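Student: Protein chains in written order, with this note's numbering: chain C, 1 to 497; chain Z, 1 to 497.
Don't take each hint at face value.
Since the list can't tell identical chains apart, any single copy or any two copies may satisfy a pair.
Claimed, not checked - In silico lysine-lysine, PhoX-like type, Cα no more than 25 Å apart, as pairs: (1) Lys372 / Lys329; (2) Lys84 / Lys11; (3) Lys329 / Lys206.
Honestly, the hints are just simulated from the structure, not real lab data.
Quick caveat: nothing in here was measured; it's all calculated off a predicted structure.
Protein chains: 2
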Amino acid sequence: MAKPKKQPRPKAVTPKGFRDYFGQDVTQRSEMLQTIAGVYHRYGFDALESSAVETVEALGKFLPDVDRPNAGVFAWQEEDEGDKGEWMALRYDLTAPLARVYAQHRNDLPTPYRRYAMGPVWRNEKPGPGRYRQFYQCDADTVGSASMAADAEICAMLSDTLEAVGIPRGDYIVRVNNRKVLNGVLEVMGLEEGETREAVLRTIDKFDKVGEAGVRELLGKGRLDASGAYIDGVGLAPEQAEPVIAFLTSRADDAAATLSNLRAAVGDSAVGVEGVDELEQIAALLDAGGYGSDRIVIDPSVVRGLGYYTGPVYEAELTFEILDEKGRKRQFGSVAGGGRYDDLVKRFTGQEVPATGVSIGVDRLLAALREKGRLGSVERGPVVVTVMDRDRMADYQAMVAELRSAGIRAEVYLGNPKNFGNQLKYADRRNAPVAIIEGAEEKERGIVQVKDLILGAQIAENATLEEWKERPSQFEVPRDTLVARVRALLEEQDVQV
Amino acid sequence: MAKPKKQPRPKAVTPKGFRDYFGQDVTQRSEMLQTIAGVYHRYGFDALESSAVETVEALGKFLPDVDRPNAGVFAWQEEDEGDKGEWMALRYDLTAPLARVYAQHRNDLPTPYRRYAMGPVWRNEKPGPGRYRQFYQCDADTVGSASMAADAEICAMLSDTLEAVGIPRGDYIVRVNNRKVLNGVLEVMGLEEGETREAVLRTIDKFDKVGEAGVRELLGKGRLDASGAYIDGVGLAPEQAEPVIAFLTSRADDAAATLSNLRAAVGDSAVGVEGVDELEQIAALLDAGGYGSDRIVIDPSVVRGLGYYTGPVYEAELTFEILDEKGRKRQFGSVAGGGRYDDLVKRFTGQEVPATGVSIGVDRLLAALREKGRLGSVERGPVVVTVMDRDRMADYQAMVAELRSAGIRAEVYLGNPKNFGNQLKYADRRNAPVAIIEGAEEKERGIVQVKDLILGAQIAENATLEEWKERPSQFEVPRDTLVARVRALLEEQDVQV
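Excised from the complex, chain C in its bound form:
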């Protein structure tokens, strides 16, 4: 008889480009998002959670992100009893679904509509180091208001949000620019449209990376980049490039001086003047709201997204220094960005509806909070009640029930209790601060053993320190004082840590 073919076992792997989150990576993000939602809610923004799936038709074919124009979506074709139907896809951001939802429900939604949304989005990109295909976004947008007060409000809210999650004032800055000002500068240069204009726009986008001198070279003859490759320039004469450089470097000591520099840069371009007026309104509103230049500044060097947005553009940057992978100091950098886009629902309805909004990079902001020590790096585990006597499981369950009723995280060991060493190893792996032991002898005497696992670990590390000797790492307490004594010990540990 032929041997039956063995089915190969499936591989247990996270799909490439995806991640699993464990323990406090989940809860810390969840808490941060709750805090952000609280600020957004207080500003009058309403929650929206659209479906993760959209029709490809509603999504549109391309991502708005200029860095990755060919990046794709995860898509499949509907099938109904063999008949092929519509193409569906996972959302790639939270703005495209907002456009669909607003177009669909615009008669029932208030106008203006302030909404926030948070959740995963998916990008069908080639996975790479640090490049994930599923990640969280957290957006707030105001749809249906052309007022600069909407933009100013988003900037103020972004500032409040960063402080609410634990980035102290002084460690971040919200920077504001305006696409119309740039358009005005290009108009003054005679670059209303055409290839040169596009090339200039692309060059400006590199300002963040290559700086003023680099942009000068790239607007002119070209530039030898770090890898030794020669990058052809746009080919402008130095004096032709000057207005762009003037724009990018026009930030002065205060908003009034910056705005005056920008007015000079846009000359008599109508759109340019409009852009400077808009920035002036935003600056005045923020000033009246008490948001000084220690929190929000007009800064024409913000170029990220200038190609995508149609009016004001804003970006939140963390200004404290961290060490990069090579041990060099550098600023933490951008954690949020946004701006005004006036074609949100036009694809669906034909009507232009003004909108402005911001997106927070959830993972980067979490990383920043960890960097600042605002989030614990190792979560304290539960109190572990060990099992000395398999037949008295009910006694041990009663202990954890009492501890939990007092709000103390606690669990009973549920593995095979035979080997007591395994139970302590388990407690260790759980980062348990305390283990409880009650064998037959303890039971008879009406006491339990309380083992201080944090002190125990410290003693193991610093065996010679005299001070530890005064505090025993294991002691017995009357059974009926268990909860009180464990609570006291946990508080003592909090002070020590």
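Dock chain Z against the given chain C, drawing on the hints supplied.
Tutor: Relative to chain C, chain Z alone:
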């Protein structure tokens, strides 16, 4: 010249079978999940958030849910520069990803591993009324423990969870059964395997719907169902069917009597006796933990999932009555279910790992809380500061900033302020409790108008009531008392509502 072809506009519709959630439908679910996570955490369960996407290989082909064996997943094939790759799919539940994650990380995870997970899952089913293709699940499982203490703990936790989210004791019951007891009954009947056994199992699954008499008929000759169709029976003689009926109806006044009935039903079947012993252990542990029969009962009539699970099975049912769509009273019914399954990771590793867990039906539980009036049906909106003078937007922004600093949800009107009526209509649509008005005259006098919109609405409805006349629906207050007066008014409204 030929007219350029017009691109048809995309339709703005939620994909069929999917939903969008607005405002408090999002926040109430989020709050409920936070509360549940809090209970789970206190029990020592750790959060896990796996990726929404899995390889089809890791998921396995079929859903575990016996009701819909052919239901599918949303799947697509990876593509790398034209080359077709692996098939990927959206997760259809939270158990299959747990199996993959546990198999993948079993050497780094504690054993036993208690984890909870909450999030959307996707089913590629034909959409229908009340049948959605994306919905939330909220699971807790203990992997790697064969102890009945793990099952008892899950039942206790389920009971605590229901009370924590607002289902009072007496309005729910957690019922516990055991697949091994049923196996014992079938063994006693001589139905260890084969078609008859399968037919009996399928029939038992209908006990919820057709009751004792219905199951009797279906185990025998057959039954005329409500629609008039005749359903063929299994064909057992009445006395042959008796052990199954005895099993299903063996619940007595207390656990001891129920267990004694079950012992009689399983006779000397080894697996049956094992099942009764397991139930006895669970009952003893719950009793010791103070979970009486007002919260958790041994009830052999729980049949949902008996075909899927391998040991204890549990279900939480809400016992209060609601009116169904036809106005008839009926019990709210099941909101959570689970049980023990011992083949969780065997597909991946070849090793049997015992596991037990529960899944809460998030949407049904939310519906129940709304039914019990535990969740507000209409959320109070923000305080709306109206715009009387477009040029003084900074003044209005300063007001909302003050209100927000005091923790009061507030916003300034951002639409076109020309038509004041539109501003009040907007406030109405936002369910605003209060509107603030400050025109040029008020500004000059240093006061603002406070409009009580809730009282205003009540007066509009009950114009004749004398009592309202004592309280004006609009009054003026000094500008510098704005925050205090608005807070006082909101508190007064809370009392009135």
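Student: Evaluate each hint against the coordinates.
Tutor: Evaluated hints:
no. : hint            : result
1   : Lys372 / Lys329 : within (15 Å within a copy, 57 Å between copies)
2   : Lys84 / Lys11   : between (31 Å within a copy, 19 Å between copies)
3   : Lys329 / Lys206 : within (21 Å within a copy, 68 Å between copies)
Hint check: no violations occur; every hint is consistent with the structure.
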